[in-house]
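> Going down the list, the protein sequences come from chains F and R. If you want the numbering used here, it's the position in the first sequence, counting the first as 1, plus 35. If you want the numbering used here, it's the position in the second sequence, counting the first as 1, plus 89.
Don't read these hints as lab results, they were simulated from the structure. Using N, Cα and C, we set each Cβ at its ideal position, and we do this for glycine too. Check before you lean on any hint, since a few could be wrong.
Restricting the straight-line Cα-Cα distance to at most 30 angstroms, the calculated cross-link-like pairs of lysine-lysine (DSS-like) are [to be verified]:
id : chain 1 : residue 1 : chain 2 : residue 2
1  : F       : Lys416    : F       : Lys303
2  : F       : Lys267    : F       : Lys511
3  : R       : Lys223    : F       : Lys67
4  : F       : Lys345    : R       : Lys201
5  : R       : Lys178    : R       : Lys223
6  : F       : Lys54     : R       : Lys201
7  : F       : Lys477    : F       : Lys458
8  : F       : Lys477    : R       : Lys201
9  : F       : Lys605    : R       : Lys187
10 : R       : Lys201    : F       : Lys458
11 : F       : Lys78     : F       : Lys477
12 : R       : Lys221    : R       : Lys186
13 : F       : Lys605    : R       : Lys221
14 : F       : Lys416    : F       : Lys432
Far from chain R, some chain F residues (derived; all Cβ distances over 12 angstroms) [claimed, not checked]:
id : residue
15 : Lys328
16 : Glu331
17 : Lys432
18 : Ser520
In case you want the letters, here they are:
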Amino acid sequence: MEEKRIGVYICWCGSNIAKMIDVGRIAKETQKFSNVVMARDYKYMCSDPGQETLISDIKKYKLNRIVVAACSPRLHEPTFRKALEQAGMNPYLFQMANIREQDSWVHIDREYATLKALSLIKAAVSRVYHHKPLEKRSVEVNPATLIIGGGISGISAALEIANAGKQVYLVEKSDALGGITARLDLSFPFLESVRQMLKPKIQQVQAHKLIDVFLNPTFEDITGYVGNFKSKIRQNGPEKELLFGNIIVATGLQAFNPEVIPEYGYGKLPDVITSLEMEEMLMRGNVITSNGKEPENIAIIHCVGSRNSKYHPYCSRTCCSTALKYANQLRSMLPDSNIYELYADMRTFGKGCEEFYSDSSRRKILFLMFDQEEGLPNISKAPQNDSSEMIINMHEKLSGEEIEIPADMVILMTAMEAQNDAKDIARLTGISLCSNDFYIEKHPKLDPVATTTDGVYIVGTCQSPKDIVESIAQAKAAAARVLASIAVVNMEVEVTTAHVNEDVCCGCQTCIMVCPYTAIHFDEEKKVSVVNEALCKGCGTCGSTCPTGAIESRHFTDIQILSQIEGLLKSEKESI
Amino acid sequence: MAFEPTIISFLCNWCSYTGADLAGTSRIPYAPNLRTIRIMCSGRIEPTFVLKAFREGADGVLMCGCHPGDCHYHEGNYKCLRRYHLLQKYLQQMGIKKERVRLEWISASEGKQFAALANEFTETIRQLGPCKIKGVMETLT
Ligand SMILES: Cc1cc2nc3c(=O)[nH]c(=O)nc-3n(C[C@H](O)[C@H](O)[C@H](O)COP(=O)(O)OP(=O)(O)OC[C@H]3O[C@@H](n4cnc5c(N)ncnc54)[C@H](O)[C@@H]3O)c2cc1C
Ligand code: SF4
Ligand code: SF4
Ligand code: SF4
Ligand code: FES
Numbered sequence: 036m037e038e039k040r041i042g043v044y045i046c047w048c049g050s051n052i053a054k055m056i057d058v059g060r061i062a063k064e065t066q067k068f069s070n071v072v073m074a075r076d077y078k079y080m081c082s083d084p085g086q087e088t089l090i091s092d093i094k095k096y097k098l099n100r101i102v103v104a105a106c107s108p109r110l111h112e113p114t115f116r117k118a119l120e121q122a123g124m125n126p127y128l129f130q131m132a133n134i135r136e137q138d139s140w141v142h143i144d145r146e147y148a149t150l151k152a153l154s155l156i157k158a159a160v161s162r163v164y165h166h167k168p169l170e171k172r173s174v175e176v177n178p179a180t181l182i183i184g185g186g187i188s189g190i191s192a193a194l195e196i197a198n199a200g201k202q203v204y205l206v207e208k209s210d211a212l213g214g215i216t217a218r219l220d221l222s223f224p225f226l227e228s229v230r231q232m233l234k235p236k237i238q239q240v241q242a243h244k245l246i247d248v249f250l251n252p253t254f255e256d257i258t259g260y261v262g263n264f265k266s267k268i269r270q271n272g273p274e275k276e277l278l279f280g281n282i283i284v285a286t287g288l289q290a291f292n293p294e295v296i297p298e299y300g301y302g303k304l305p306d307v308i309t310s311l312e313m314e315e316m317l318m319r320g321n322v323i324t325s326n327g328k329e330p331e332n333i334a335i336i337h338c339v340g341s342r343n344s345k346y347h348p349y350c351s352r353t354c355c356s357t358a359l360k361y362a363n364q365l366r367s368m369l370p371d372s373n374i375y376e377l378y379a380d381m382r383t384f385g386k387g388c389e390e391f392y393s394d395s396s397r398r399k400i401l402f403l404m405f406d407q408e409e410g411l412p413n414i415s416k417a418p419q420n421d422s423s424e425m426i427i428n429m430h431e432k433l434s435g436e437e438i439e440i441p442a443d444m445v446i447l448m449t450a451m452e453a454q455n456d457a458k459d460i461a462r463l464t465g466i467s468l469c470s471n472d473f474y475i476e477k478h479p480k481l482d483p484v485a486t487t488t489d490g491v492y493i494v495g496t497c498q499s500p501k502d503i504v505e506s507i508a509q510a511k512a513a514a515a516r517v518l519a520s521i522a523v524v525n526m527e528v529e530v531t532t533a534h535v536n537e538d539v540c541c542g543c544q545t546c547i548m549v550c551p552y553t554a555i556h557f558d559e560e561k562k563v564s565v566v567n568e569a570l571c572k573g574c575g576t577c578g579s580t581c582p583t584g585a586i587e588s589r590h591f592t593d594i595q596i597l598s599q600i601e602g603l604l605k606s607e608k609e610s611i
Numbered sequence: 090m091a092f093e094p095t096i097i098s099f100l101c102n103w104c105s106y107t108g109a110d111l112a113g114t115s116r117i118p119y120a121p122n123l124r125t126i127r128i129m130c131s132g133r134i135e136p137t138f139v140l141k142a143f144r145e146g147a148d149g150v151l152m153c154g155c156h157p158g159d160c161h162y163h164e165g166n167y168k169c170l171r172r173y174h175l176l177q178k179y180l181q182q183m184g185i186k187k188e189r190v191r192l193e194w195i196s197a198s199e200g201k202q203f204a205a206l207a208n209e210f211t212e213t214i215r216q217l218g219p220c221k222i223k224g225v226m227e228t229l230t
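With the hints as extra help, turn the sequences into a complete structure.
Printed below as a string of structure tokens:
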């Protein structure tokens with residue numbers, strides 16, 4: 036057997052790690068572990084010079100196993116695996132110890148943090164000793180793409196991909212394309228017509244030879260993996276099998292139902308309406324109250340269901356600018372009306388939006404501030420002989436006064452929330468939800484449109500509230516990712532799959548019962564189970580269920596995990 | 090010196106390990122007694138891993154997976170849950186209190202909850218005192 040020569044690299048991460056962990060002492064202690072040939076600490080292991088040190092050490096000291104103690108493997112494992120490959124090593128002969136996210140950033144006692152780091156490194160060293168080289172596997176990428184959701188995000192991604200000459204299947208659950216965007220009149224901050232922008236896009240989609248649109252279809256389970264997904268779809272007619280290599284989820288948002296906020300009386304007071312109902316009126320071109328009159332006093336209330344611990348904790352991001360949009364449109368349509376904006380904070384981020392705000396404040400619009408923590412404005416029906424229909428009572432924050440505002444129409448800037456069926460789509464495509472039911476990206480900064488499932492992307496408002504510009508930017512980013520994967524033709528896939536040792540398997544077929552992907556079948560001739568590695572996703576469930584120990588979960592083998600446990604519990608006694 | 094428990098935790102990659110990372114990026118401090126092993130899914134946790142941890146001197150074992158219905162591989166966490174009940178019985182027969190092993194669901198966005206769990210479980214194990222099974226095994230063999 037080859038001699039194991041392990042190199043250990045301890046990263047300072049500037050001061051992120053070094054401040055809480057005595058990296059120099061650890062390097063010294065680590066040097067004493069058996070089979071460790073080289074242990075170094077360095078300022079930034081992921082930097083170019085950091086990686087170059089690693090590569091030149093591998094060559095110089097004939098290292099054949101590497102441990103990097105640094106940030107989370109979820110961040111930089113791919114970086115270091117690539118460095119190993121550059122040095123001519125198999126990338127799987129590598130293990131990371133997470134001494135940043137799960138050590139230096141969460142502990143406040145330097146001694147404990149240092150001891151913990153040492154034990155995590157010892158475990159990584161014990162584990163990497165048992166690592167085996169794994170051969171890369173690649174699959175051909177099916178050039179078709181499935182897009183779920185036909186709003187502006189789904190439409191933009193579809194056109195981008197189809198215009199590059201690749202097939203798109205666009206699935207929309209309602210009976211028309213366009214999503215929320217199709218229900219908008221003008222767009223902030225430049226007040227251009229949304230319809231004029233959207234309509235030609237929809238027409239292009241409908242006319243495109245490479246885009247198959249499915250409206251209101253029934254849709255079966257998606258099976259397979261990146262490059263080779265499969266599903267069945269039915270849209271009034273026979274069932275059709277779809278094959279595709281990538282998936283873009285663009286299922287958008289829904290509006291919050293304000294009935295649950297007692298102060299606003301929505302559903303009881305006929306002239307309290309939501310922002311989407313306002314859009315409808317604006318599209319029709321006449322703004323009138325329930326008794327057919329032009330409103331004299333109009334109030335627009337911000338943050339309805341947003342930034343409030345009772346409803347949604349987050350900011351819905353587009354409603355401030357949308358509210359200003361209404362104030363401006365109404366000012367032009369009803370020049371003599373009184374317009375009140377009741378806001379909690381004014382968040383007009385984005386190009387041109389802050390200017391839009393300052394312009395609006397010069398257009399005879401009265402801005403009044405409230406504090407959600409101290410209580411919401413309260414809307415009630417005005418007394419019979421009052422000049423207005425409703426009265427709003429509020430505590431105005433800037434003046435500190437209790438005030439009364441007359442109103443004939445109140446527009447609620449309702450929150451944007453995740454779709455009711457967000458969870459179903461998440462399950463269908465194998466992606467995760469955050470605590471507010473928006474989809475989680477692979478990395479919040481470095482990989483904002485990918486997900487933890489290879490080949491599945493998220494774009495638009497299903498990821499978080501955003502405006503049209505941001506939605507389109509994400510859609511085009513995902514389209515570029517998809518086109519890049521198609522251009523590669525063959526794509527590398529995970530090789531940490533399960534494998535049955537035929538000599539040990541007794542043929543009980545327990546593994547076949549537990550595999551969630553029906554990736555295992557029974558070889559009747561040999562009377563043993565066999566894993567189809569193209570279908571196996573490497574969850575390891577069969578490995579932990581097999582009674583005879585015939586199944587090896589590659590890269591998570593029994594011996595690898597057991598020696599990691601041993602390492603975790605031995606370091607302290609052995610070296611300190 | 091006061092007793093500081095050593096706890097081995099098994100965290101599934103997709104939810105719980107990500108949640109633990111989030112506690113880190115959010116800088117939420119918690120007890121330094123946990124030593125984590127990352128597995129792809131809680132369904133991979135074999136009873137032998139847990140037994141091994143106790144035999145090597147762990148005072149407690151924490152297993153975390155995705156919330157029911159959220160497992161990246163559909164149902165690995167249900168399989169883990171079933172095994173967990175059997176495991177608790179088995180540990181008791183060996184003379185290890187069943188409270189020393191714990192299964193909890195932590196999602197990728199539950200950094201705060203993970204930190205709270207780490208503190209609470211560490212405290213539970215501290216109250217239980219050191220696990221003696223390692224010593225017992227050593228005298229037996
Ligand atoms: C009142 C209001 C006013 C706004 N005003 C502006 C503005 O002036 N300017 C601006 O830039 N932005 C504005 N926005 C924001 C803008 O509407 C969004 O940024 C945009 O609609 C996001 O598009 P999307 O495609 O991501 O989502 P959506 O528009 O929600 O489209 C999603 C589509 O997916 C479909 N779908 C959902 N679930 C499924 C499923 N399971 N299977 C298949 N299909 C599914 C839906 O039916 C829908 O067609 C406003 C929003 C609101 C609510
Ligand atoms: S964008 Fe404005 S109105 Fe909307 S939730 Fe954020 S602060 Fe409130
Ligand atoms: S569970 Fe193990 S022994 Fe039984 S069929 Fe599967 S591989 Fe063979
Ligand atoms: S590792 Fe998981 S997906 Fe692969 S064969 Fe085993 S049970 Fe099936
Ligand atoms: S992936 Fe988290 S429990 Fe299965």
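> Work down the list of hints and note, for each, if the structure agrees.
Hints, one by one, checked against the model:
Among the hinted pairs, F:Lys416 with F:Lys303 is consistent with the structure: their alpha-carbon atoms are about 10 angstroms apart, no more than 30 angstroms. Proposed proximity of F:Lys267 and F:Lys511 is supported: the alpha carbons are some 26 angstroms apart, at most 30 angstroms. Restraint check for R:Lys223 and F:Lys67: the C-alpha separation of about 25 angstroms stays at or below 30 angstroms, so the hint holds. The straight-line distance between the Cα atoms of F:Lys345 and R:Lys201 is roughly 19 angstroms, inside the 30 angstroms bound, and the hint therefore holds.
For the given pair, R:Lys178 sits about 19 angstroms from R:Lys223 by alpha-carbon distance, which is consistent with the 30 angstroms threshold. At most 30 angstroms may separate the alpha-carbon atoms for a hinted pair to count; F:Lys54 and R:Lys201 meet this at roughly 23 angstroms. With a CA separation close to 17 angstroms, the supplied pair F:Lys477 and F:Lys458 stays within the 30 angstroms bound. Of the pairs offered as hints, the one joining F:Lys477 and R:Lys201 holds, with about 20 angstroms between alpha carbons and a cut-off of 30 angstroms not exceeded.
Using a Cα cut-off of 30 angstroms, the hinted pair F:Lys605 and R:Lys187 holds, with the two alpha carbons roughly 24 angstroms apart. Distance restraint check for R:Lys201 and F:Lys458: the Cα-Cα separation of roughly 22 angstroms lies within the 30 angstroms cut-off, and the hinted pair is therefore satisfied. The suggested pairing of F:Lys78 with F:Lys477 holds, with an alpha-carbon distance near 26 angstroms, which does not exceed 30 angstroms. At roughly 11 angstroms between alpha-carbon atoms, R:Lys221 and R:Lys186 fall within 30 angstroms of each other, so this suggested pair holds.
Restraint check for F:Lys605 and R:Lys221: the C-alpha separation of about 16 angstroms stays at or below 30 angstroms, so the hint holds. Distance restraint check for F:Lys416 and F:Lys432: the Cα-Cα separation of roughly 23 angstroms lies within the 30 angstroms cut-off, and the hinted pair is therefore satisfied. Every Cβ of chain R is farther than 12 angstroms from the Cβ of F:Lys328; the closest lies at roughly 48 angstroms, confirming the non-interface assignment. For F:Glu331, the shortest C-beta to C-beta distance to chain R comes to about 46 angstroms, beyond the 12 angstroms cut-off, and the non-interface label holds.
F:Lys432, annotated as away from the interface, keeps every beta carbon of chain R farther than 12 angstroms; the closest lies near 30 angstroms. At the 12 angstroms boundary, the C-beta of F:Ser520 stays outside the reach of chain R, the nearest C-beta of that chain being 21 angstroms off.
Checked against the numbered hints given earlier, the structure satisfies every one of them.
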